[in-house]
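Undergrad: Fit chain B with the ligand to the given chain A structure using the hints.
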Amino acid sequence: MTLQEQQGEAELIAAILAGETQLYHDLIRPYERPVYLLALSYMKNETDAEDVAQEAFLKAFRHLSSFRADAKFSTWLISIALNEARGRLRRQTAARTESLDKDPDEEGAVSPALLRDWREIPSEAVERGEIRDLLRKAVETLPEIYREVFLLRDVEELNINETAEALNISVSAVKVRLHRARLMLQKYLAPQLKSVTKPKRRWFAWS
Amino acid sequence: MVIECKHVWTYISDYLDGTLSEEIRVTVQKHLEHCELCSAILDSTRNILVLTADDRVFELPVGFSERLHQRLEEELKQKKGS
Ligand SMILES: [Zn+2]
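Same order as they appear, the protein sequences are chains A and B. Quick note: to get the numbering used here, add 5 to the position in the first sequence (first position is 1). Quick note: to get the numbering used here, add 20 to the position in the second sequence (first position is 1).
Source of the hints: derived by calculation from the structure; they are not laboratory data. Please read these numbers as outputs of a predicted model, since none were measured by experiment. Some hints here could point you the wrong way.
[Said to hold, decoys possible] Label-pair distances were calculated between CB atoms; the ranges are:
no.: 1; chain 1: A; residue 1: V201; chain 2: B; residue 2: V82; range: 21 to 31 Å
no.: 2; chain 1: B; residue 1: H27; chain 2: A; residue 2: L8; range: 38 to 48 Å
no.: 3; chain 1: B; residue 1: T30; chain 2: A; residue 2: E149; range: 21 to 31 Å
no.: 4; chain 1: A; residue 1: E149; chain 2: B; residue 2: G38; range: 21 to 31 Å
no.: 5; chain 1: A; residue 1: N164; chain 2: B; residue 2: E42; range: 13 to 23 Å
no.: 6; chain 1: A; residue 1: Q27; chain 2: B; residue 2: T30; range: 49 to 59 Å
[Unchecked claim] Subject to a maximum C-alpha distance of 25 Å in a straight line, what follows is the list of computed DSS-like cross-link-like pairs (lysine-lysine):
no.: 7; chain 1: A; residue 1: K142; chain 2: A; residue 2: K199
no.: 8; chain 1: A; residue 1: K180; chain 2: B; residue 2: K50
no.: 9; chain 1: B; residue 1: K26; chain 2: B; residue 2: K50
no.: 10; chain 1: A; residue 1: K64; chain 2: B; residue 2: K97
no.: 11; chain 1: A; residue 1: K192; chain 2: A; residue 2: K203
no.: 12; chain 1: B; residue 1: K50; chain 2: A; residue 2: K192
no.: 13; chain 1: A; residue 1: K203; chain 2: A; residue 2: K142
no.: 14; chain 1: A; residue 1: K192; chain 2: B; residue 2: K26
no.: 15; chain 1: A; residue 1: K192; chain 2: A; residue 2: K142
no.: 16; chain 1: A; residue 1: K180; chain 2: A; residue 2: K142
no.: 17; chain 1: A; residue 1: K49; chain 2: A; residue 2: K142
no.: 18; chain 1: A; residue 1: K180; chain 2: A; residue 2: K77
no.: 19; chain 1: A; residue 1: K64; chain 2: A; residue 2: K49
no.: 20; chain 1: B; residue 1: K26; chain 2: A; residue 2: K199
no.: 21; chain 1: B; residue 1: K26; chain 2: A; residue 2: K180
no.: 22; chain 1: A; residue 1: K77; chain 2: A; residue 2: K64
no.: 23; chain 1: A; residue 1: K49; chain 2: A; residue 2: K192
no.: 24; chain 1: A; residue 1: K180; chain 2: A; residue 2: K192
Glycine residues also receive a C-beta, built at the ideal position from the N, C-alpha and C atoms.
Just chain A, same shape as in the assembly:
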């Protein structure tokens, strides 16, 4: 975000707080996607994710006056969404039992899938539903702490500091988790993508 955009945002917020509440629609438009995706990564289903996202945008509106002008609206909003998603998961009873005894950042290295060559897969491949499903599933199966960092940093393109702030973790934790997430995705996806995008042999080739 440019300084200008950031200033524009600060002005919007001031105007909304001064009573021009309609401007809230404009304020949040750029964040619909990141907030939804983050919610989806927790809730794992579209309906709950949409609920969480709506709730987060409403809460942010209701608490807009407590937003500190020196903070970034995006990270503040994302942490509200995060709390909403986590709170809801906790309420959904036995949610998932994540091991709390060991610091996940201390775990051993992730090794990549070993390949001897890589044939570039062009972005048009994403038009194939099968490829989209594969990519989505890969991200969804990442452990939560890696998934959230990956989504914010690589999919939503927040910078390292913004990601750290939004998730309330250190910059070095962001780096470690991001690295692991990327290698996990490479490990999971490289062999599968390679086989689904393999050029088809003609029927008369040696088989």
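TA: Using the frame of chain A, we list chain B with the ligand on its own:
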């Protein structure tokens, strides 16, 4: 300085982000020039990151925006009325 493949892998993420120190970057670069294995790992990782970041992979559900702004509108009206 010569490094092993295993060490190169630990630098992949920083290498892609361009956040390695100059010295390590050069070392990694040199290794990549003659190691097919590490080059393929790096290329596939970079490629996978481009694909997963594509807007078409994670889409907002149809009508998401409309429903959201509708709900906000109700809230905004209430606020005004109160
Ligand atoms: Zn190597």
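Undergrad: Does each hint fit the structure? Answer for all of them.
TA: Hint check results:
| no. | hint | in the structure |
| --- | --- | --- |
| 1 | V201(A) / V82(B): 21 to 31 Å | holds, 26 Å |
| 2 | H27(B) / L8(A): 38 to 48 Å | holds, 39 Å |
| 3 | T30(B) / E149(A): 21 to 31 Å | holds, 23 Å |
| 4 | E149(A) / G38(B): 21 to 31 Å | holds, 28 Å |
| 5 | N164(A) / E42(B): 13 to 23 Å | holds, 21 Å |
| 6 | Q27(A) / T30(B): 49 to 59 Å | holds, 51 Å |
| 7 | K142(A) / K199(A) | holds, 16 Å |
| 8 | K180(A) / K50(B) | holds, 24 Å |
| 9 | K26(B) / K50(B) | holds, 15 Å |
| 10 | K64(A) / K97(B) | holds, 15 Å |
| 11 | K192(A) / K203(A) | holds, 17 Å |
| 12 | K50(B) / K192(A) | holds, 24 Å |
| 13 | K203(A) / K142(A) | holds, 20 Å |
| 14 | K192(A) / K26(B) | holds, 14 Å |
| 15 | K192(A) / K142(A) | holds, 13 Å |
| 16 | K180(A) / K142(A) | holds, 23 Å |
| 17 | K49(A) / K142(A) | holds, 10 Å |
| 18 | K180(A) / K77(A) | holds, 21 Å |
| 19 | K64(A) / K49(A) | holds, 21 Å |
| 20 | K26(B) / K199(A) | holds, 22 Å |
| 21 | K26(B) / K180(A) | holds, 18 Å |
| 22 | K77(A) / K64(A) | holds, 16 Å |
| 23 | K49(A) / K192(A) | holds, 22 Å |
| 24 | K180(A) / K192(A) | holds, 18 Å |
When each numbered hint is compared with the structure, no violation occurs for any of them.
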